[in-house]
Amino acid sequence: MSAIEVEKNRVGETSSACKGNKHNMTTTPGDTQNHDPNPSAAPPGLPIPVSDLEVKYTKIFINNEWHDSSCGRKIPVYNPATGEKICEVEEGDEEDVDKAVKAAKEAFQLGSVWRRMDASDRGRLLNKLADLVERDQLILATMETIDSGKLFLIAYFVDLMAAIKTLRYYGGWSDKIQGRTIPVDGEYFTFTRHEPVGVCGQIIPWNFPLLMFIWKIAPALCCGNTVVIKPAEQTPLTALHMAALMKEAGFPPGVVNVVPGYGSTAGAAIASHMYIDKVAFTGSTEVGKLIKEAAGKSNLKRVTLELGGKNPNIIFADADLDHAVEQAHHGLFFNQGQCCLAGSRIFVEETIYDEFVRKSVERAKRRVLGNPFIPGVDQGPQIDKKQFDKILELIESGRKEGAKLECGGSPWGDKGLFIQPTVFSDIFGPVQQIMKFKTLDEVIKRANSTHYGLVAGVFTQNINKALTIASSLQAGTVWVNCYNAMSSQCPFGGFKMSGNGREMGEYGLQEYTEIKTVTIKIPQKNS
Amino acid sequence: MFPSQYSATASAIPAPNTQPEIHFNKIFINNEWHDAVSKKTFPTVNPSTAEVICQVAEGDKADVDKAVKAAKQAFRLGSPWRRMDASHRGLLLNRLADLIERDSAYLATLETLDNGKPYTISYSVDLPLVVKCLRYYAGWADKNHGKTIPIDGDYFCYTRHEPVGVCGQIIPWNFPLLMQAWKLGPALTTGNTVVMKVAEQTPLTALYVASLIKEAGFPEGVVNIVPGYGHTAGAAISSHMDIDKVAFTGSTEVGQLIQQAASRNLKKVTLELGGKSPNIILSDANLEDAVEQAHFALFFNQGQCCCAGSRTYVQEDVYNEFVERSVERAKKRVVGDPFSLQTEQGPQVDEDQFKKVLGYISAGKRDGAKLMCGGGVAADRGYFIQPTIFGEVKDNMTIAREEIFGPVMQILKFKTLEEVIERGNDTQYGLAAAVFTRDIDKAHYISAALRAGTVWINCYDVFGAQAPFGGYKASGNGRELGEYSLENYTEVKTVTIKVPQKNS
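Top line first, the protein sequences correspond to chains A and B. Just so we're aligned, residue 1 is where the first sequence starts under this note's numbering, counting upward by one. Just so we're aligned, residue 528 is where the second sequence starts under this note's numbering, counting upward by one.
Everything labelled a hint here was simulated from the structure, so no lab data went into it. Any given hint might turn out to be false.
[What the hints assert, rightly or not] Simulated pairs of lysine-lysine, DSSO-like, Cα-Cα distance not exceeding 27 angstroms: (1) LYS674/B to LYS465/A; (2) LYS795/B to LYS588/B; (3) LYS674/B to LYS521/A.
All figures in this text were calculated on a predicted structure; none of them were measured in a lab.
Next up, chain A with everything else stripped away, as it sits in the complex:
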């Protein structure tokens, strides 16, 4: 099920209970901005957030133990819906990364418990971890909402479900990563061993903190690597809870080490570390370039990057219009617009353009902002002040450059980092840009005219148009008559400056595997 379907099925179901809040986005905040994480109004049958959530883990996790930072500094962690500080987390920097790398290297020694473990047992551990995440699903979803501002029901039904499924998916791969025997010329016997790369540095973003943590560690561990992972400074809490679960599941010490910290210090230390064999990063294209450069300057570590996007979503006149409007709406506004895969350039065929814009504005105006814990709320706050200011600046520049502001365009509420659903421009936030096109060739050219190439969508009933677009767009993922339809089984990644490599699916394994060719001289070859 795609994220959108979940949003519709789970959250939409309950919207009638919240009708009174529907127009709150243009008025002063009412009930929806009561930031009680356990609203008594929760309809029956829905998961209830943990009301007295205790943040147990705030330190650096190395060798299955908790450490203070070597510099003695701490990172304040805020709730973006209220602006209140949740707690402080130890701030790891270069020295802590060194410690973590040492532990990861030790865990990767020939003859170590981790290296000698049956591949199927690595799979068992990942499955066990999935069971523990399932057990703590309410805790983790609550924590994710407090820390990132995303809707609780989305955290519970989309992020957590996808996390659990990803762990189980890669749990299944561990003993299916098969080398080959190869009919080489001459009197030789040749086989390949698929070996883990070694110590993997992983740097993850704040938009899907837990899910990105799982996307990174699951394939790495499935293939037998060890990990030093840096969660985003904005959202370290679920990653640290996961660290505790990994220990509980029985992963040996040093296999996964979690170092919260900033990109410019801890992140840079990972990217340039001489004993890290591979670095994987999800985040902005700008930082992706720095990481690739650091990898080249240091030890030529392998690099995979999942970067930004400016994704075209193409609506043909023959599409089911209401469906397309709804999907394009979710394709942009999902997760407060904070998705690398957001459909932020919507191309609409000219004969239906006016109607599409009218319906999209209508739909955006119905969007309910407020306390991300309340069922019926569609949109929470942006992640932090920096993002909030950046989006408002871009809205302003859109206005100045003459784009037509159809709705929204301003902050919302009297506290927290909320922005009104806005229709026109193209930025990493709840801002939808709708453009007109005439012909197939034209829209392909315009859609591809970008440095990015992460995803694309096309809506049409016409099989020829659908397949032509699917093969012509320079994007790592193309959705036809759907959007955001992600799953563990499908590879995900970018063409061009949207990234290097693919995550998820069988393809994701390649990024965490070194191939060793073994050739043995034999007396006589036979077929």
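Position chain B against the provided structure of chain A, taking the given hints into account.
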């Protein structure tokens, strides 16, 4: 997985309940229990005592028809099973593995009661292999990828890997639970439905697992289990017009009948049949290890393994010492009550097998092989046979050509590599083989030259769910286990779509 090392974990084995309660003895169709249409039952016997354990509903053609109808219904387009996410099929198989693990002490006692294999083996070899096999195939459910294919012309072409449909599966009595897992794992992970006939000698554990299949949440009709005889229920499966595929493990003789019956509707056939597997000991091998492994290769599971190393070829300069040490080892083998934790060898599975094996021992003596130890009955009740070794065995003797399926070891002498390869391959069978040597060249040369589906080097009977298993020649068609087995349960559909313009 090294079953020969099971004793290392014997201390952790829970004490068996030697009189486990029997919960299920009927036919399992549509997640419900049914009497046979004929109302007939058959007795299942404890081979340690020759006493009847209980009566079991005797399925025949009418019951197979009912089961096929249920399986076909469960496979219809739009059914819960067909619409289920592949990953969810994997989740169900993992759940089934968890339930079997939960009940593994009970299942191990039931297996020992019904089959006679030592409880320590049921518990620490069969059950863990069952659980691992199911978990392995659980992981494949959402990884059986089709392909997109760059065909010539303005077309878009892709393959869908679809389940075959209703699969008939007929399993033997030597590893009742494990053979059930080997069959169900790949069939269910790929989305098929199943009508399974369990061996009349050992129906009890499979029926208990049926109850766990229901508990795990498999939709009704996905797995149907019909206990019964081969010539009635088994024949009905292999000739059924609405069964799309049949998989059989058992004798080569019956395999041939199944292949013929399948020609009625040209159902797909996979067969795991008999063997007379050569185990080749070169003079440079670690002799002590080779003796122990060769002993295990033959005597494991009362000699009732299709892959038993039943022709032990020993290079002449170590032949005498090898025979002497092997006899010493066989004499130490503990035969008796399979529930005793010290027991290495229990009874043969039934009276027919017991008599058949004793018949082969007589044939060995008659043909002039040298009886080095054993050769007789080992207890005054039940179907126990002494660990038996024949030396000076010649290739043309009956005991060197036919599958004995009992605790009777044949040791043959050879001189050169070329000679032993020729002799090793001179059989209608080609299931397994092994070679013991420290020399890397010899190991590669022999392993490439032997006509067998599995070759073990410096080890024997090493089974992992990840590694394919199956026979050359009259030992079978197709491969079970590993990724390869998915092919047996998958139909490939090529979909080609005309497009206005192709681009790379």
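Is it true that the CA of LYS795/B sits at most 27 angstroms from the CA of LYS588/B? Satisfied, since the Cα-Cα distance of roughly 20 angstroms is no more than 27 angstroms.
Holds or violated: LYS674/B and LYS521/A, Cα atoms, limit 27 angstroms. Violated: LYS674/B and LYS521/A sit about 35 angstroms apart, past 27 angstroms.
LYS674/B paired with LYS465/A [C-alpha distance capped at 27 angstroms]: With Cα atoms ~22 angstroms apart, LYS674/B and LYS465/A stay inside 27 angstroms; holds.
Checked against the numbered hints above, the structure violates only hint 3.
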